[in-house]
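Participant: Each chain is listed here by its residues.
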Amino acid sequence: MSELTLTVMRLGFLAVLWLFVIVAVQVIRSDLFGTRVTQRGSRRDAGRPQQAARQAPPPQRQQSGGRRGRNTPTKLVVTEGTLTGTTVALQGQTITLGRAHDSTIVLDDDYASSRHARIYPDRDGQWIVEDLGSTNGTYLDRTRLTTPTPIALGAPIRIGKTVIELRK
Amino acid sequence: MSSTTNPSTHHTSTIGAIGAPSRRNTELALLVFAVVIPVFAYANVGLALNDEVPAGLLSYGLGLGLLAGVGHLVVRKFAPYADPLLLPLATLLNGLGLVAIWRLDQSELLQSIKQAGTAAPRQLMYTAMGIALFVAVLFFLKDHRVLQRYTYISMLGALVLLLLPLVPGLGRNIYGAKIWIQVGSFSIQPGEFAKIVLAIFFAGYLMVKRDALALASRRFMGLYLPRGRDLGPILAVWAMSILILVFETDLGTSLLFFGMFVIMLYVATERTSWIVFGLLMSAAGAVGVASFEPHIQQRVDAWLDPMREYTLSREGVVGHSEQAMQALWAFGSGGTLGTGWGQGHSDLIRFAANSDFILATFGEELGLAGVMALLLLYALIVERGVRTALAARDPFGKLLAIGLSGAFALQVFVVAGGVMGLIPLTGMTMPFLAYGGSSVIANWALIGILIRISDTARRPAPAPAANPDAEMTQVVRP
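Each protein sequence line maps, in turn, to chains A and B.
Residue numbers for the first sequence follow the UniProt record's numbering, so the first one is 1 and each next one is one higher.
Residue numbers for the second sequence follow the UniProt record's numbering, so the first one is 1 and each next one is one higher.
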């Protein structure tokens, strides 16, 4: 066998061997470089001003840092519906409402969805209510929620036959 | 359900759901590739040595392809979500080993001293037995957690396997190391099987005891010092590995078991102090034993000064060997790209050229580029094992996967390091590459268990039971 053929085979074999290694690494690419992470909403830089703008509108809250402590709700009270009188202490955790067994407040209400709404504190400690795509909607005062909305003290939140509000 | 939003930030990110495709077709494609490469190498050896494509090419290719195909079909049937890389990687390494063994069979020098000649067909038979055991593991072991029940039986089994070579009449002393037993015309290396059985014991034991080992400790100079009584297990395993070292005079086996235990202990407890203790204890043990055991002492001397060892052996002094130096020369003459298949002279190593020293053949004929690729193939097997451990949902499976892949990695390190002169030479064999039935069969079983764990780990969670809350919500009609 000619020297040239053998040299070509020698280098060819090494190339094929390395090709296998590279193909094998390609197969596990996702393990090596992590899973795909998609940023939701705006990017970090773009998010800042928007956030500042959102904080600006309620000046009464902004200008008096001392009063905020007194205005912070400490409990959630069910005022209408089968669970009337139930209270849940607000300690910074997310509260879910719905018919699902794992909800914080399990609603026994045919008009409520399994995962109906949730109430959570945002970064400043302001409590927000968000409808989780429920069938019949979540109402704050008389308006049906379309976006996560801050909750004012004492404002009634209606889910099916149940009404809840935040109190100090 | 990947939409776990964090309400405290306005720019939350979503981790894309990792789909769980079974990836069996990827495995099949890689497997075809993994069979074609050794066939290419086989043809290459024939062309280089005899100027013709070897007559056995078709049967050899078909044999390897058939074994790989059986493995693939069994994985498809019994472990459909298993890792797609483990089987092709093992097949490729096994196939390349077969080629190298066949290449050394062609050496007239090795034939004349009865070191080779018919090794390749036998190795193919051992491979078939290995695949058979692999199939049996996947068939009978439907859930790796079953092994947890046999924690203490495994300990007993491992001890018996490790002590078998010391039984008079059964054990065989091959060139200083007593790690073989002779049954009929077969000689078996029980240590290879003990590796797997011991991993099962360590996993079961550490799963139960890890809290005590991890939490009851004092902090001293940045290290968690375990309580005295918690040192019991590590001391016991250490004593056992020292006994292996003294009575079987095999550094590799001893290092493998102790190292595997320390790795698993570290993974189970997350305490760096165990690594420190393990390194100190193994160093103390090795130095201590080497100071009075002549066989170990000689291995260490050969490691420190292989050229002197070579000269002594040339002068005919009994008990010395030229191999360590010859292996280094083989690597050296291979250079970066190697001499090409069939064109090296690694058969000059003579004894154990196709088993313990097979890496020297690869080093000479494939060069640095080829050996790096081989080591990467090993690294990928270990990576898949560690990845399986990360993905496994049960602590026993995690520890078992880490233990098996750790043992595999240690064995590669001990053998490759020994042949390359990084650490003293030991009597272990390169997994899958080297000639030897016990090693091939045991390592196929090891891959089988890893595939079983990875199948369980990657299997998508079963669909949740019908949700009682999922009745229709009544719609308010205005």
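A portion of the hints provided could be inaccurate.
[Claimed, not checked] Restraint ranges, calculated between C-beta atoms of paired labels, are given here:
1) A:Glu3 / B:Lys114: 40 to 46 Å
2) B:Pro460 / A:Gly92: 30 to 36 Å
3) A:Gly125 / B:Gln474: 21 to 27 Å
4) B:Gln474 / A:Pro148: 48 to 54 Å
5) B:Leu243 / A:Gly92: 53 to 59 Å
6) A:Thr147 / B:Val276: 53 to 59 Å
7) A:Gln26 / B:Gln182: 45 to 51 Å
8) B:Leu156 / A:Gly92: 50 to 56 Å
9) A:Gly125 / B:Leu390: 50 to 56 Å
10) A:Gln26 / B:Phe247: 35 to 41 Å
11) B:Leu243 / A:Gln26: 42 to 48 Å
12) B:Lys142 / A:Glu3: 33 to 39 Å
13) B:Gln343 / A:Val25: 43 to 49 Å
14) B:Gln474 / A:Thr94: 41 to 47 Å
[Said to hold, decoys possible] To spell it out: a stretch of chain B is covered by chain A in this simulated footprint if at least three of its residues, at any positions, have a beta carbon under 8 Å from a beta carbon of chain A; those stretches are:
15) 269-282
16) 448-457
Since the hints were derived computationally from the structure, they do not count as laboratory data.
Predicted model, so just to flag it, every value in this text is computed and none were measured.
No residue lacks a Cβ here, since even glycine has one placed at the ideal position from N, Cα and C.
Participant: All the hints need checking, so say for each whether the structure fits it.
Facilitator: Results of checking the hints against the structure:
1. A:Glu3 / B:Lys114: 40 to 46 Å: At roughly 33 Å between Cβ atoms, Lys114 of chain B and Glu3 of chain A fall outside 40 to 46 Å, so the hint is violated.
2. B:Pro460 / A:Gly92: 30 to 36 Å: holds (34 Å)
3. A:Gly125 / B:Gln474: 21 to 27 Å: violated (36 Å)
4. B:Gln474 / A:Pro148: 48 to 54 Å: violated (25 Å)
5. B:Leu243 / A:Gly92: 53 to 59 Å: Since Leu243 of chain B and Gly92 of chain A have Cβ atoms about 58 Å apart, the given range 53 to 59 Å holds.
6. A:Thr147 / B:Val276: 53 to 59 Å: holds (55 Å)
7. A:Gln26 / B:Gln182: 45 to 51 Å: holds (46 Å)
8. B:Leu156 / A:Gly92: 50 to 56 Å: Holds, since Leu156 of chain B and Gly92 of chain A (Cβ atoms, about 53 Å apart) stay within the stated range.
9. A:Gly125 / B:Leu390: 50 to 56 Å: Check failed, 37 Å falls outside 50 to 56 Å.
10. A:Gln26 / B:Phe247: 35 to 41 Å: violated (48 Å)
11. B:Leu243 / A:Gln26: 42 to 48 Å: Holds, since Leu243 of chain B and Gln26 of chain A (Cβ atoms, about 46 Å apart) stay within the stated range.
12. B:Lys142 / A:Glu3: 33 to 39 Å: violated (56 Å)
13. B:Gln343 / A:Val25: 43 to 49 Å: For Val25 of chain A against Gln343 of chain B, whose Cβ atoms are near 30 Å apart, the range 43 to 49 Å is violated.
14. B:Gln474 / A:Thr94: 41 to 47 Å: Once the Cβ atoms are compared, 26 Å apart, the range 41 to 47 Å for Thr94 of chain A and Gln474 of chain B is violated.
15. 269-282: n = 0 at 8 Å, threshold three: violated.
16. 448-457: It is violated, with 0 qualifying residues against the three required.
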